[in-house]
Amino acid sequence: MTDSSLIRNFSIIAHIDHGKSTLADRLLEKTGALSEREMSEQVLDAMDLERERGITIKAHAVRLNYLARDGQTYLLNLIDTPGHVDFSYEVSRSLSACEGALLVVDASQGVEAQTLANTYLALDHNLHLIPVINKIDLPGAEPDRVKEEIEHTIGLETDNALLISAKMGTGVEDVLEAIVREVPPPAGQQAAPLKALIFDSWFDSYRGVVVLMRVIDGVIRPGMRVLLMDAEKEYLVDALGVLTPKPREIDSLGAGEVGFFTASIKTVADVEIGDTVTEAARQTQTPFPGFKRIKPMVFAGLYPIESNRYEELRDALDKLRLNDSSFFYEPEASAALGFGFRCGFLGLLHMEIVQERLEREFDLELITTAPNVRYRVTTTSGEVMELDSPSKLPDPGKIERIEEPIIRAMIMTNDEYVGPLFALLEEKRGTQMGFEYLTPKRVLLTYELPLAEIMLDFYDRLKSLSRGYASFDYELTGYREGKLVKLDILVAGEQVDALSLIIHNETAYARGRALVERMRQLIPRQMFEVAIQAAIGNKVIARETIKAMGKNVIAKCYGGDITRKRKLLEKQKEGKKRMKRVGRVEIPQEAFLAVLKVKE
Amino acid sequence: MGECWSSSGDDFILNRSSHREFLHCLLSGFRYSILRYNHFVSKQAGLYIHIPFCARKCAYCNFNTTDFFDDLADNYIRALETEIVFWGARLVEELSKKLSIDTIYFGGGTPSIVEAGQLARIIAACQSAFDVSRDAEITVEINPSTFSRQKIEGWRDAGINRASVGVQSFLDRELVSLSRTHTAADARQTVDALREAGFANISLDLIAGLPHQTLKDWEFNLCEALRLRPEHLSLYLLEIKEGTQLYAEIKRNRQPRPDDDLAAEMYRMISKATGGEGYEHYEISNFALDHLRSRHNMKYWTDAPFYGMGCGAHSYDGRARWVNILRTESYIDSIAGNGFAIGERRELSLEDRASEALFMGLRLREGIDLAAFRREFSIDVADRYRDELENLAEAGLVEMRDDRLRLTLEGMLLSNEVFVNFV
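Quick mapping for you: the protein sequence lines, in order, are chains P and S.
Position 32 of the first sequence, counted from 1, bears residue number 46 in this note's numbering, the numbering being contiguous throughout.
Position 264 of the second sequence, counted from 1, bears residue number 310 in this note's numbering, the numbering being contiguous throughout.
Fair warning: there could be bad hints in the mix.
Unchecked claim - Below 30 Å or equal to it, Euclidean Cα-Cα: the simulated DSS-like pairs (lysine-lysine) are:
#1 Lys477/P to Lys406/P
#2 Lys297/S to Lys318/S
#3 Lys497/P to Lys561/P
#4 Lys306/P to Lys406/P
#5 Lys309/P to Lys477/P
#6 Lys89/S to Lys561/P
#7 Lys262/S to Lys297/S
#8 Lys587/P to Lys297/S
#9 Lys406/P to Lys497/P
#10 Lys406/P to Lys591/P
#11 Lys587/P to Lys262/S
#12 Lys318/S to Lys561/P
#13 Lys181/P to Lys477/P
#14 Lys581/P to Lys144/S
#15 Lys581/P to Lys103/S
#16 Lys561/P to Lys287/S
#17 Lys590/P to Lys144/S
#18 Lys477/P to Lys500/P
#19 Lys89/S to Lys144/S
#20 Lys581/P to Lys297/S
#21 Lys412/P to Lys500/P
#22 Lys297/S to Lys591/P
#23 Lys585/P to Lys287/S
#24 Lys247/P to Lys280/P
#25 Lys455/P to Lys500/P
#26 Lys309/P to Lys590/P
#27 Lys103/S to Lys585/P
#28 Lys260/P to Lys333/P
#29 Lys280/P to Lys44/P
#30 Lys561/P to Lys262/S
#31 Lys590/P to Lys262/S
#32 Lys585/P to Lys297/S
#33 Lys591/P to Lys287/S
#34 Lys500/P to Lys587/P
#35 Lys306/P to Lys412/P
#36 Lys318/S to Lys262/S
#37 Lys287/S to Lys318/S
#38 Lys561/P to Lys581/P
#39 Lys287/S to Lys581/P
What the hints contain is simulated information worked out from the structure, not anything from laboratory work.
Make the full structure from the sequences, and use the hints.
Quick look at the structure:
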């Protein structure tokens, strides 16, 4: 156990690409946690996907020993946080485990919406913030302007802001010194009953679930019987350890310390992020505050392209859930797509990640239906139901009202792009809540808009309208009634349930037209003419026709080379397998996502 | 056929030990009942002889061809004779009598490029190695740029009784764009000379759907072809194959990509115009007067045996398909060493054979006799492919009548959509 006056727990807040991972790597290097040879680039982002996308999906924690200029050796716990709004609850739990945070801002890019959102979270948790201006070696660096932005947007004093280049290693030691000097040591009671906050967990095939926690009060030891307070489950602690970043077993963890325990726990679903661990025999009176049960916000159907791989998909989802308890799934049957699953995700990125992992790690080919939010429907008989799929919407005559989730969006941009962004936000049914100049050039827009509106093409368009300058973050604020209708798509006269959408009445016509046009482009010509229609209820609002195929014939005889013909036919057959047969029409995978890409 | 064989893929030469294994397998590997096989071998076989030489490669061709040199041709003809002797003996061993054949087909390449006497030598070799029926159909493919009166008489005297003329187009600008080495006038003169020499079974090859070709252009070509009143027509819709000059040109936007809908219009025009002139549209791309179908090509469509001699030639004996070594020189070497020159061989299960018999047989307008198919393969096609056939019938591509399954005209245009269900 370490004297808590020598412990500093901190995390790093930064926008994507502002250099969080590089700085983390430098800190590990400087403290000798890893030799240069061991540093596979950006150690903290362990998952392949994280490395490719340059974002952190799961939180991690690394324990560093730092011999400071005052001659003392400090124990620094770097607690990494996920870098995306989908995971804001996890972010809040990770921040709860810290006393301070480095606020890393790119010296030429300045403060971004994501930085702001996470900074607000950190301030909510009373974290001490240390401003760090990174990439000062770049030609476009404007540290003074960025300092001004930080002072203006966050109200943070920047006289002592650190100017560094994580890439070049400039100023990294000053960062370590600032952590020691400015971040308060943890304030827990060693003698109090055990109270530890769970902020991450993952599944290890040898040890079962590994639970990452911050000890607030008391001490945890192997062999202790612990209680997970919200889950109301008891376990016997098998082993304790810390990540250096390599796992190292340890015989106790005291107040203020960060580490993991294992206790033969079978699935991560048994361990909820934010739950409190206490000693079964000597329980803490008050669990750590702020626990919430994670609730999925975005829903989509996942179907195997080959119907006979349904079981494989189920096994893959089971396995994936071992390591990610934040998505949920239940069997769903679609008239068009056969058997699959309705899945709930924390957000769009989370959805993409799950889909990509299923395809990559389990070699499945999937059709994902257009994502939708959870609607609250009140029927004429006064019944209130929450719907996660358009196909479950009752008959229009039985609907009293439909409410949809609303978000508060924060958008930061250069002022020259404000015009086009206004137009976009209006189209997306946004209501302006704030319009503020942070610096003479940077603007913070605050809008309320339906969550469903950012589900489709919002982010891409935001980026292209602002030439990549705008950044965006959001939080959920509640539900609001909307004039919503269900838009159905019919292919060759058959309604394709997987293509149904719930959308706003006013945009239904334009979207219906755009959608059938897009489907006409995406569905290859078939053996017969195919009509594509968009309809609201019984009313057809748009129609396109796909002409019958012209020819598909091997004309020549090729002197008895029948093997060549067979190969050609086999190739065509393979191509067809990648399509989903709906009624008599073969629809390619992309068509099911067309709703995502269509502009009105 | 005009041209032949895929030239893609590396030559695969059997070594000595696999040679022995191969023979063992060839002679003893009966995959299904002797009864079935006996029934199969009772069908008369066809003989295909590949002459790979060309003066110049055509823009649309990716077949197995090689430049023409006299010396190489001499060696090649000798190798062909050796191969014919080898197979003649081998099949006598297997069948206890000579293999009975009723078609010989000289394809290429350009078979008309070699001396008539050389083809005569091959025919003579066939007659001694096999039991060639008295009324055998013996075809030579002719490139109009290579004909001469003397050659034509030589062919006739050697017993060749059917000529297949690679006309391709009656428009000289189209011929130029295809890199053909002849003009429309050459084609007409070839047909006239053949008639004068007494050829009573002439087939013309034409290609529809060329880049820049309009419906009018094609109508002209078709009318010109019909005016010559050939006994047989092979009218192909152009296919753009990888590895051809045309493919490269289209890819580089030097030529427009042919329009499928236009090609389909041309095809409908063909069927109508030939029908009006008394031709029977008996196969997807083939049309015959007075039942003078290509007896040789019928082998491919009716699951009959055929043996291919020469580089890259294909064979089928009811149990396996194999293809000879592609490269001319390697073929000659292999023949000199082994007597045969098999490149790749694919054993067929009964299921494979049935599937191929189905998609090849459906190319014929008369389609598949379902009762005969049941007897031969113990497969009830109507039952096994019930759903698929229902869909195809609903789309108007197939029809089932009098216990026969066959393609409609539209079904022929989209025949791959039908066949893909059977592989």
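Results for each hint:
| no. | hint | in the structure |
| --- | --- | --- |
| 1 | Lys477/P to Lys406/P | violated (34 Å) |
| 2 | Lys297/S to Lys318/S | violated (33 Å) |
| 3 | Lys497/P to Lys561/P | violated (36 Å) |
| 4 | Lys306/P to Lys406/P | holds (27 Å) |
| 5 | Lys309/P to Lys477/P | holds (28 Å) |
| 6 | Lys89/S to Lys561/P | violated (44 Å) |
| 7 | Lys262/S to Lys297/S | holds (26 Å) |
| 8 | Lys587/P to Lys297/S | holds (25 Å) |
| 9 | Lys406/P to Lys497/P | holds (17 Å) |
| 10 | Lys406/P to Lys591/P | holds (29 Å) |
| 11 | Lys587/P to Lys262/S | violated (35 Å) |
| 12 | Lys318/S to Lys561/P | holds (23 Å) |
| 13 | Lys181/P to Lys477/P | holds (26 Å) |
| 14 | Lys581/P to Lys144/S | violated (33 Å) |
| 15 | Lys581/P to Lys103/S | holds (25 Å) |
| 16 | Lys561/P to Lys287/S | holds (25 Å) |
| 17 | Lys590/P to Lys144/S | violated (46 Å) |
| 18 | Lys477/P to Lys500/P | holds (29 Å) |
| 19 | Lys89/S to Lys144/S | holds (14 Å) |
| 20 | Lys581/P to Lys297/S | holds (23 Å) |
| 21 | Lys412/P to Lys500/P | holds (13 Å) |
| 22 | Lys297/S to Lys591/P | holds (27 Å) |
| 23 | Lys585/P to Lys287/S | holds (15 Å) |
| 24 | Lys247/P to Lys280/P | holds (12 Å) |
| 25 | Lys455/P to Lys500/P | violated (42 Å) |
| 26 | Lys309/P to Lys590/P | violated (38 Å) |
| 27 | Lys103/S to Lys585/P | holds (27 Å) |
| 28 | Lys260/P to Lys333/P | holds (24 Å) |
| 29 | Lys280/P to Lys44/P | violated (37 Å) |
| 30 | Lys561/P to Lys262/S | holds (23 Å) |
| 31 | Lys590/P to Lys262/S | violated (35 Å) |
| 32 | Lys585/P to Lys297/S | holds (21 Å) |
| 33 | Lys591/P to Lys287/S | holds (23 Å) |
| 34 | Lys500/P to Lys587/P | violated (35 Å) |
| 35 | Lys306/P to Lys412/P | violated (34 Å) |
| 36 | Lys318/S to Lys262/S | holds (15 Å) |
| 37 | Lys287/S to Lys318/S | holds (28 Å) |
| 38 | Lys561/P to Lys581/P | holds (27 Å) |
| 39 | Lys287/S to Lys581/P | holds (14 Å) |
The structure shown violates the earlier hints numbered 1, 2, 3, 6, 11, 14, 17, 25, 26, 29, 31, 34 and 35.
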